[in-house]
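Undergrad: Each chain, written out:
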Amino acid sequence: MKIIILGAGQVGATLAENLVSEANDLTIVDLDADRLALLQDRLDLRTVVGSASHPSVLRAAGAEDADMLVAVTQSDETNMLACKLAESLFNIPTKIARIRAADYLKHPQIFSAENLCVDYTISPEQEITDYLRRLIDHPGALQVLDFAGGKVRLVAVRAYHGGPLVGHELRYLREHLPNLDARVAAIFRGNRAIIPEGSTVIESGDEVFFIAATENIRSVMKEMRRLDKKISRVMIAGGGNIGRRLAAALENDYQVKLIDHNKNNSARLAAELHNTLILVGDATDETLLGDENIDDMDVFCALTNDDEDNIMASLQAKRMGARKVIALINRASYVDLVQGGQIDIAVSPAQATIGPLLAHVRRGDMAVVHSLRRGAAEALEAVVHGDAKTSKLVNRRVDEVKWPEGVTVGAIIRGEQVIIAHHDTLIAAEDHIILFVPNKQMVRKVEKLFQVGFGFL
Amino acid sequence: MLRVFPILNVIGLVVLLFAFTMLTPLAVSFYYQDAALHAYDEAILITFAAGLLLWLSTRHLRRELKIRDGYLLVVLVWTVLPAFATLPLLFYMPHLSFTDAYFETMSGLSTTGATVLSGLDQLPKSINLWRHLLNWLGGMGIIVLAVAILPLLGVGGRQLYKAETPGPMKDSKLTPRIAQTAKALWLAYSGITVACIVSLRLAGMSWFDAVCHAFATMGLGGFSTHDASIGYFNSPAIEAVLIVFMLLAAMNFATHFLALSGRSLRVYLNDPEVLPLLGVILIACLSLALYLWHAGTYASYWTALRFVSFNLVSIATDCGFANTDFNLWPMFVPLVMLLLSCVTVSSGSTGGGIKMIRTLLMLKQGKRELEKQIHNAALLPVKIRQTVISNQIVFAVQALVMLYVTSIVALTLILVASGLDFVSSFSAVIACINNAGPGLNKVGPATTYAILTDFQTWVCSFAMLLGRLEIFTLLVLFTPAYWRK
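Protein chains in written order, with this note's numbering: chain Y, 252 to 708; chain W, 919 to 1403.
Since the hints were made in silico from the structure, they are not lab data.
Treat each hint with caution, since some may be false.
[What the hints assert, rightly or not] Pairs of lysine-lysine residues, derived as PhoX-like cross-links and limited to a Cα-Cα distance of at most 20 Å, are as follows:
| no. | chain 1 | residue 1 | chain 2 | residue 2 |
| --- | --- | --- | --- | --- |
| 1 | W | 1301 | W | 1285 |
| 2 | Y | 699 | Y | 640 |
| 3 | Y | 480 | Y | 402 |
| 4 | W | 1301 | W | 1290 |
| 5 | W | 1043 | Y | 514 |
| 6 | W | 1290 | Y | 514 |
[What the hints assert, rightly or not] Taking beta-carbon pairs under 8 Å as the criterion, some of the chain Y residues facing chain W (in silico):
| no. | residue |
| --- | --- |
| 7 | 518 |
| 8 | 521 |
| 9 | 529 |
| 10 | 532 |
| 11 | 541 |
| 12 | 542 |
| 13 | 703 |
All C-beta atoms in this analysis are idealised placements derived from N, C-alpha and C, irrespective of residue type, glycine included.
Start from the sequences and build out the full structure, keeping to the hints where you can.
TA: Right, here's the structure in full:
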């Protein structure tokens, strides 16, 4: 696929990194030549320097025969205009724009084909805010991912002594919770993926991924570890785009304190947030944290745009007694460095937000894509099309399909119904199948299974 | 002093127009053939001539007024008009001193409702109507003063009201021009007045009494045609009607206008003052009635509630009617009523005091300072209805409240020094500066301000003017800087 990415910022760069490995022809456009040079050193792609919304720049980037345009510059207006031009001048089939301002998103009709010609909008800040919010709503979980509009969730937890299932075979889960359907999708022990079978024994320290209907998640988590206390007090460091949104999302259900070092920005935050206590100061300042009772905090979230600050602030907070700390970390190598140590959860914004973009790039009809374990694994929600003749899936039992080795089928959404998949479940057309793909190389094979028209097996 | 002449030109015109308002009592006098008929022709003639003379003599000095001229203009309007308004009273009652007459008309135009006259029942109907008309006209002036002129001058954080609150003014269809805004507000004011007249008539008043009392209610003045005030009627129905309309008059007329023009009650919920106003009054009525019942003043809770509700609403909204001598109640209750009169009414209403919006602002400011003690690094903006109020406005409001309290203390001390007892002095100052009406003790609801010496009467007149013009407007004229070129 020929893809043009506008904007080589955080989102653009991560997207390029993810897509370049999947045999796509990438062109990336930005105003900053240095930044582009840096990207080109690392990745096999073409770069164009210039203003992303100028027709000449788009033409130079190969807009004439591009399959997809992804506009992720800092400016909503540039992104929207670029999509409009891509349609009217170059006829690019798929156009995706990053839109931040809620004001635009409130009026979806402006993106229609008659107006701005934006096929899909993405809002990375909102994605990451929802991601953090789910983590705070499910204390103890390392990752909580939505499928089928939130009906089904994939949850990652670390198993600990004290959970009734730990030290037992997986099939014990069904005996222990007979009325409750859940499926363990993958187990990671150290860095090794274990394919879960009925006889697999869960050990303390395992990272367990399971799929269950949203209302059952707490009960399943209880099997893996002693449940954490419910969270009521949250402290956020950093009042940027993410910190502000998270505070706004949490402030009516939790007690929220937000620390920001910039006085003007704090004043803006204080005007906008009505139940959040805004503190002006440095998030690593020991006295400030002490004065604000860091030891009573259930969660401390370090969400500034500086990795080192976030790491230091969360380490400090943890040492001073915060029960759980979450740090936003952009650099992949740092994530490995800190995760599982003093810092309870390291969230990589790139990983948390890349999913919706990947869903549009994939072949086959992917409704949701979540990137896991720093891009190594993926969880997919794919839609089955065709009939018994044209599809490799329709009218077949789950165990009749030639899944790549290690892929687990977690659940099937049929209309409003959630079916936890078993080996004899029959697949029908228009089912949404939730899959866990432990290794990214297998994604191509999975895509093929979902493509229509190959006829025979 | 050259600056003053263009302002005098405007005053001349205002006086000229004021002469025409005297045609109303003249017509009433003619209709009823009462004894005051002769008082009006001279009064109208003098007023008209004085206005015309002033207007013509300064005509060549006319120029566009500046915002700064607004202070002097407003103060002059509110001091000169009461002087001319005394003429019918003086001509009808030659024994009445100018001091007392001026107090009476100042009380009328500032919608205070304190009186020096007794034997109201025996006064000619046209004289009584004149007093009530002053209340009503005063109310009209105050609404425009409060909604259009004071925000322009930025008095005591008034700009708060102009642009910064998400209250009625922001999304209002009220026009940016003062003249049109005034028209819109007077429309609401007149409309509600008519409704009040009809309701009072239906509740059992005569048409004449209904008109007079509706005038006094909407202006939150509180004059009555009877010495016993509303106690004369002894009718719960009339009291209920008056309570409703006093509360309406204590709300912002801009909100009324929006509600009437948009036919929606939602604007009342969006007004930051309406709910606190009603809440405070409801709680105060229920609990003070309980207190009086418990203290044995009234045998039944419902009787206590009836008397407390009426008098409390009347005093707290700065109206000033009474249906019983609340001076005889345990001191606690009238004291609470007087204190409420300082703080409860909305801005943009016809009431006095520091206004609910400033009260709220001061409470929030206090809460902010308390929280600041605990959270040293916290940024805590003062918000009203989720909108941040700038510190400058908070400071302006603080200054106004400070000057207001200082004025009360100073004027009380002056009255005490002049020989009046403390309770009478204090309550008279509070009642006058809030434009409420009756005080306690010697100036209570059953007596009049006639017992005061001339000096004390002038002090009270001054207090009414000071309160009406929100202190700053008047005091700024006493600063040398204002007169400097």
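Undergrad: With reference to the structure, classify each hint as holding or not holding.
TA: Outcome of the hint check:
1. For the given pair, residue 1301 of chain W sits about 11 Å from residue 1285 of chain W by alpha-carbon distance, which is consistent with the 20 Å threshold.
2. Between residue 699 of chain Y and residue 640 of chain Y the CA atoms are separated by roughly 15 Å; this keeps the pair inside 20 Å, and the hint holds.
3. Between the alpha carbons of residue 480 of chain Y and residue 402 of chain Y the distance comes to roughly 24 Å, so the proposed pair goes past 20 Å and is violated.
4. The straight-line distance between the Cα atoms of residue 1301 of chain W and residue 1290 of chain W is roughly 15 Å, inside the 20 Å bound, and the hint therefore holds.
5. The straight-line distance between the Cα atoms of residue 1043 of chain W and residue 514 of chain Y is roughly 66 Å, outside the 20 Å bound, and the hint therefore fails.
6. Between residue 1290 of chain W and residue 514 of chain Y the CA atoms are separated by roughly 16 Å; this keeps the pair inside 20 Å, and the hint holds.
7. For residue 518 of chain Y, the interface hint holds, since its Cβ comes within 8 Å of a Cβ in chain W; the closest pair sits about 6 Å apart.
8. A distance limit of 8 Å between C-beta atoms decides the matter here; for residue 521 of chain Y the minimum to chain W is near 5 Å, and the interface restraint holds.
9. Below 8 Å, beta-carbon pairs count as interface contacts, and residue 529 of chain Y has one with chain W at about 4 Å; its hint therefore holds.
10. Below 8 Å, beta-carbon pairs count as interface contacts, and residue 532 of chain Y has one with chain W at about 4 Å; its hint therefore holds.
11. Evaluation of the residue 541 of chain Y hint against chain W yields a violated restraint, the C-beta minimum of about 11 Å exceeding 8 Å.
12. At a threshold of 8 Å, the smallest CB-CB gap from residue 542 of chain Y to chain W is about 6 Å, leaving the interface hint in force.
13. The closest approach between the C-beta of residue 703 of chain Y and any C-beta of chain W is roughly 52 Å, which is over the 8 Å cut-off, so the hint fails.
Going through the hint list in order, the structure does not satisfy hints 3, 5, 11 and 13.
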